[in-house]
Every structure is written in C-alpha cells, then in structure tokens.
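Same order as they appear, the protein sequences are chains E and R. Sequential numbering from 31 applies to the first sequence in our numbering. Sequential numbering from 31 applies to the second sequence in our numbering.
If you're looking for bench data, these hints aren't it; they were derived computationally from the structure. Hints should not be assumed to be uniformly reliable.
Which copy? The list can't say, so a pair holds if one copy fits it or any two copies do.
With a Cα cut of at most 27 Å, we get these calculated DSS-like pairs of lysine-lysine [unchecked claim]: (1) K35 x K174; (2) K226 x K194; (3) K35 x K293; (4) K165 x K35; (5) K111 x K41; (6) K165 x K226; (7) K165 x K194; (8) K229 x K257; (9) K54 x K111; (10) K111 x K55; (11) K35 x K233; (12) K254 x K338.
There are 2 protein chains.
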Amino acid sequence: MLNGKNVYLGKVRSSIRELFEYGKKRKAEIGEDNVFDFSLGNPSVPAPAAVREALIDIIEHTDPVALHGYTSAQGDFSVRKTIADYINARFSTSLTADNLYMTCGAAASLTITLNAILNPGDEVITIAPYFPEYKVFTEQAGGKLIAVAGKVGTFGIDVENLKKALSPRTKAVLINSPNNPSGVVYGEEDISLLVKEIKEYSKPHGMEIYLISDEPYRELVFDKDTKVPYIMNYYERSIVCYSYSKSLSLPGERIGYIAVNNKMPEWEEVYAGVCGAGRALGYVCAPALFQQLVKRVYNQTSNISVYKLNRDRLLSALEEYGYEVVKPDGAFYMFVKALEPDAKRFAERAKQFELLLVAGDDFEAPGYVRISYCVSPQMILRSLPAFKALADSYKSV
Amino acid sequence: MLNGKNVYLGKVRSSIRELFEYGKKRKAEIGEDNVFDFSLGNPSVPAPAAVREALIDIIEHTDPVALHGYTSAQGDFSVRKTIADYINARFSTSLTADNLYMTCGAAASLTITLNAILNPGDEVITIAPYFPEYKVFTEQAGGKLIAVAGKVGTFGIDVENLKKALSPRTKAVLINSPNNPSGVVYGEEDISLLVKEIKEYSKPHGMEIYLISDEPYRELVFDKDTKVPYIMNYYERSIVCYSYSKSLSLPGERIGYIAVNNKMPEWEEVYAGVCGAGRALGYVCAPALFQQLVKRVYNQTSNISVYKLNRDRLLSALEEYGYEVVKPDGAFYMFVKALEPDAKRFAERAKQFELLLVAGDDFEAPGYVRISYCVSPQMILRSLPAFKALADSYKSV
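Isolated chain E, as found in the complex (with noise of 0.2 Å):
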C-alpha cells in the first residue's frame, strides 16, 4: 500500500490544468489565436533584460566552484542581507540576515512554514477565495485550512466571518494579497480590522497566532493610491512568504523567500522552526544562481505596465457588455461574476465561444469565473468581440 493520500494528489488534474489541456487541444483545432485562454497564472512578460545580463555577467566572472557550491542552508549571507536591507528602506522595518531564509519559490515558502508552526490538528484560517494548494500544504503539515468567505461582492476580508472561525485550535491566519484568484488587495483598513480581530481573540486565550502574508503578486499593483500594508508593521507574529515568480517573470526558477518578523518575541525559535522543517522536507539550500542574481535585481520588476493594459481594456469593455466584475487592483486575475448562478455552466458555456474561464468554485467562490489576463494585449483585444457574444448569449434567451 503506497501512500494514499499522495497518490490520489499526482492523479487528480486541477480543473485549471484540464482546461489548459483542452486549450491545447482546440488551439490545435482550430488555431492558436481562435482559443482565448484564460487558465493559467503564467508570466506572460518576459524577465527584464537585466536578469540575462546579470546572469551571464555572474556565470562569467564567478569562480564556479563557489558559484555552483552549497550556500548555507538558510541562504547565501549576503543575498540576505541585501534582501532585508531592502525591506528595512521599503517598509521600515528593521530585519536581519538571520530573519530571512530564502527558498525554492512561494511553495517551498508555504510548505515550509506551515511545517515550522503547525502541530497535527491546527487550524489554518483563510479568506475565500484562496488559491487551492493552501489546502494540500496545509494538509500535508498536519493541520485543516478553514476557509471563510471574503466580503461578498469586494472579496475584501470579512471580519465577522474571520471572527466565527477563529477557534482554539487556530495556529495561523494565512492571507494573499494582491489575491490570486480575485486580484483584490487588502488595503490598510481590512489589515488593521484583521489583526485587531486576531489579537482580541489570541490574547485572552493565551493563545499565538501567526498571521502568514503570501506575497508573490507584491510587485503586481497597477494604481498609484493602491497601497499593500506591510504586514510586519502591523503585527508582530507575522511571516511573509515572498517569491520572485511573478515580479521577475522567473516561476521556473523556483526562487524565494520567507521573512520572520524579528518584532515577536520568539523569532529565534520560529525561525529555527523554518530552518528544521526545510531541512526535513529535502530544501537544502535554494537555487545558487538565482539567489545570486536576486542579489543583483532585487529592485526590479517585469514590464508590468503590460499587465496594466490588458487589466484595464478587459475591465472597461467587460463592464460595457453587462458583467459585474469585482475590480482588480493588482496580480493578474479578473474574477468576475458569471451570467447564471452556476459558475461552472457559465465556463462551459464560455468554451463555445473559445473563451477558457475558470470556474471560481475551484476556490471555494462559487458563482464568479476567474481570468488570468496574463496573456498578450493583442489577445485580450481579440477576446472581446467573445466575451461580448457571451453576454449577449444570456440577453437572448
């Protein structure tokens, strides 16, 4: 008897994935710019150049045996200090070398503290919608992900709900903001309320509670006025899972962090929590190239004004054809509210007009569709005579 539970993991497809496979399929059919697929969460922009500058300049003039070689586990010294260097300007905050742990990406950053923290049969609060694998992480650390649902309408957090959930057996709230799938940030008003909420709860109880913000969609705001609080200044049992997936354009790199607020007092043993659990799930250090190239361009984004474009064409035409969207302030998901009450006949519906949606009951918000606009701007363009013919489709009937 194999183990069960990982078996039944490798053979479940997502439904994101099926439909991406079908997306092949139809593309083959009928032509790649017929399909409008809008599965996956894919950097369609590339790197900046100045990664394969970088990347080069380093493998050029760097002594391969110790570019190549082990970095302490935890992560190359430097590169974290560089990396929390950088925080402390950004964010005001005053994190050492020895707060960081660097990672194979936002996965690794998950999995890793959640086996830092959790016992078996701790609970883990999240806001619906969540990406799905907050489930299978969770699980796999030994604990159950509660999930409560945000704000209808805005999937901002909601308090009462967050209040219903907390229970003594929460170990930790973990939030995603700017949100994958409904591109929501959490503004300073909803933090401020969540941790309020939090320490009412833990305090009386005795109890500690971590607040885990799961960043890789940061770098991913496209107004001015849209402000993503920095968790560690509002609470101090708080951890902040980081990845340069999407701001570098670089997800198959797997290259990332994980930032323990040193402002709680027992920092020491959660980071020594963080170095265990990496080292008992096989992370021995992250990728050495790229954590010397984050030492490099640290401060750079993707074009992200692409992103820009294609969020606001799709949101304004979207809005004229008759849908409600909840309006995105950054990562590059739309959710948007589809035309029948089941959400995933509405994605099956879109397919006969090549649109591919994901049905948002994937993430436990039934009702609404996501759209990963991470696509070219001539796409999007191509798409709208679709989606226009699906809202009509409704108008009809």
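Let chain E serve as the given structure and place chain R on it in line with the hints.
Showing chain R alone in chain E's frame:
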C-alpha cells in the same frame, strides 16, 4: 507551541557543521594552509567548461518567457526523454519520459520518494554507515529508519543482518552506493544477495518492498573494474534517486531526478505518488534553467581524476603510516579505523594536529572516522605529515 521536532532540527547543528565552523575559526588563527579540513562533502573540482558554455548559450538564445517559465511539475518532457534515453542506452532499461520526475536534487528525490510510498509506522531499512539525513527524511514522511550494520571491516551489505531487520512493517530498503561516508561500492554480489533476501521475505508475506537507490555518487568511481550495478536490472520494485550535484559539481543548483522502474506492475501508482508527494511538499518544478542545462550535458562529469589522485595518495600514505583503511571504490570519502576505541576522542586528538575528521558515530559506525577528500591535491600533500604525527602519537604512548 511551534512544531517542536522541526524547531529542534533547526537548532541542532550537525557535528559535521560544527567541525567545519571550528575549522573556519582555526584557519583565521593559524592560516588557511595550516588547517587540514576534511569535514565537508563539497565538490572541490569545478563544473566542466561545458556547463558554463551551455548556460550562456541557453540564456543568450532562448526566449526568456519559455526558458524561465514553469515546466510541467514532473519536469520538461524533452529533458526527461533525453535522460530516459541515456539511461536506457547505458543500462539496457526501457524507461520513458513518464518514468522520470525532475527534482531539486538528491534530498528532494529522497523526501518525495519516501512520502510517495510510506504510511505512518512503515519501516525503511538502510545499511550503516549511512548519511544521517536519511533518518530525518524518513521520520518526516511518517516512517521509521532501521539501520543494519554493514560487514565488519569492508562495509559491504551484510545479508544476515538485513534478514534480521526485515519485518511486516518493512516498506523499503534504502541503499547508497558509492557510499557516503565509507566510499564503498556495493558490487553485483552484494546487490544480488540483497535482492534475493528481499524477495524471499516479501513474497510469502504478500508484501511489496521497494528498493531505493540513492545515487549522487554514481559517476565518482575510479577504477575500471569497479562497476556500480543498476538496481532496475536486479529488482522490479526499484526507484533510483539521482542528483547532478557531485557528478557536475553543481550542489547549490539543486537538480536531480527520480526514476521509477517501469518493470514493476504498479509503477503508474508509484509515479502518481511521486507527483503527489512533490506537490504536497511544495516542489512545483525543478529549476528550469538547470533542467535545460542537464539536457545538454547529461553525459559529462567534472574532472574526477582529481578525486582519484587524492584517494590514491591518501590511501597509500595512510596505510604506510599504519592506519587501517576501508578501501574506497568511489565517492570522495574514506573511512579509516580510529587508533583508539572511541572515534570521537580520536577525532578530538586529530584536531591537535590540525586534522578535521568526522567521527563515524554520526553515521552509526563508531570506531571509524570519515575523511572527505574533495580538497585540493596540494592540501592532501600538506596534510600527510600531520597524519603521520597523529599515528606516531599513539605509538609513543
């Protein structure tokens, strides 16, 4: 309360690490060249020139969106096919791309494999001396590691000891050849007897016992007549965990693979378990650039003749000085009998001669020390008088 086990793992430094840190301090005191640090297993030979050339060529001539994008979770198809074809040509197997899963190196290969096959309480048998992280990885996956002593003096597989350890809870036997820390290669006779024993025990019990071969040192053998048997040709239920860390001197880049023998009836289930375990542990895909690199240089190695030179010089000198050495066939480790019963005391005494050796106790083989000879040939020469003086210090007592 954090996860106590992982906090503990993050706090305890391995004694190998301790020794390495001691070495760094000592070098600062008396000079780099006067300390003979044989503590760590870090390749000292640079990656072959082809690695640098291929990396630059790939970076310069590949669309960055494709190059740095996600590959499929199991790895890029063409990379897996290239490796499968290479294994087939070399070992007369008939693997396909769908039997291979690209990983972030050997540690990930092991944690993923163990999480794929183990259920809580399952036992994994390994042969001592063994790499200490085997215990950490097995326990993280919910299993229990049972170490059986290798043959006295040669550290080959002792089938009688193995026989006693087999139980209804045995789910896997985990071998490592060429071996860390002994440098011993399990030859054809070792493997044949091991497999016979596993079959004889599992068949009447109706059990499925997997043979896992951890092979980061496969390419590091020095003599023409040393053959490292390919376990898929001896046993159906076999899984190979491979890494390019040592063969290509890329330990920090985290690239390797798992190969599931397609001769076993349930290979698709095992492979699904591997995919699921990888997913649950947070391994999204192996670093994409290094997957492409492997596709170009899969059949190359660093200049391992340096390790052979080191081995030969050290072996003949130590034997001349009166040490009893386990003949190392491969890897870059040498196991030497301590000159007093307590190897830890022996290793402490060696420090007086500026020799940093790791006591075998860490590998469940007390009475011996490990010498990691992945160092410069000059350091080997410089260290010889110290080894002689250490031996002499016992004679004069």
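Hint check results:
Proximity of K35 and K174 under a CA criterion of 27 Å is satisfied in both settings, with 15 Å inside one chain copy and 19 Å between copies. Proximity of K226 to K194 under the C-alpha cut-off of 27 Å is restricted to the intra-copy arrangement: shortest distance 14 Å within a copy versus 59 Å between copies. In this assembly of identical chains, the alpha carbons of K35 and K293 lie at most 27 Å apart only when taken from different copies (24 Å versus 38 Å within one copy). Taking the shortest alpha-carbon separations for K165 and K35, both the intra-copy value of 13 Å and the inter-copy value of 22 Å come in at or below 27 Å.
For the homomeric pair K111 and K41, the shortest alpha-carbon distance between copies (21 Å) is at most 27 Å, but the shortest distance inside one copy (41 Å) is not. Taking the shortest alpha-carbon separations for K165 and K226, only the intra-copy value of 25 Å comes in at or below 27 Å, while the best inter-copy value is 42 Å. For the homomeric pair K165 and K194, the shortest alpha-carbon distance inside one copy (19 Å) is at most 27 Å, but the shortest distance between copies (41 Å) is not. For the homomeric pair K229 and K257, the shortest alpha-carbon distance inside one copy (23 Å) is at most 27 Å, but the shortest distance between copies (63 Å) is not.
In this homomeric assembly, K54 and K111 come within 27 Å of each other (Cα to Cα) only across copies, at 21 Å, whereas the closest approach inside a single copy is 43 Å. For the identical chains of this complex, K111 and K55 are inter-copy neighbours only, at 22 Å across copies versus 47 Å inside a copy, given an alpha-carbon limit of 27 Å. Taking the shortest alpha-carbon separations for K35 and K233, only the inter-copy value of 26 Å comes in at or below 27 Å, while the best intra-copy value is 36 Å. In this assembly of identical chains, the alpha carbons of K254 and K338 lie at most 27 Å apart only when taken from the same copy (12 Å versus 62 Å across copies).
Of the numbered hints given earlier, the model fails none.
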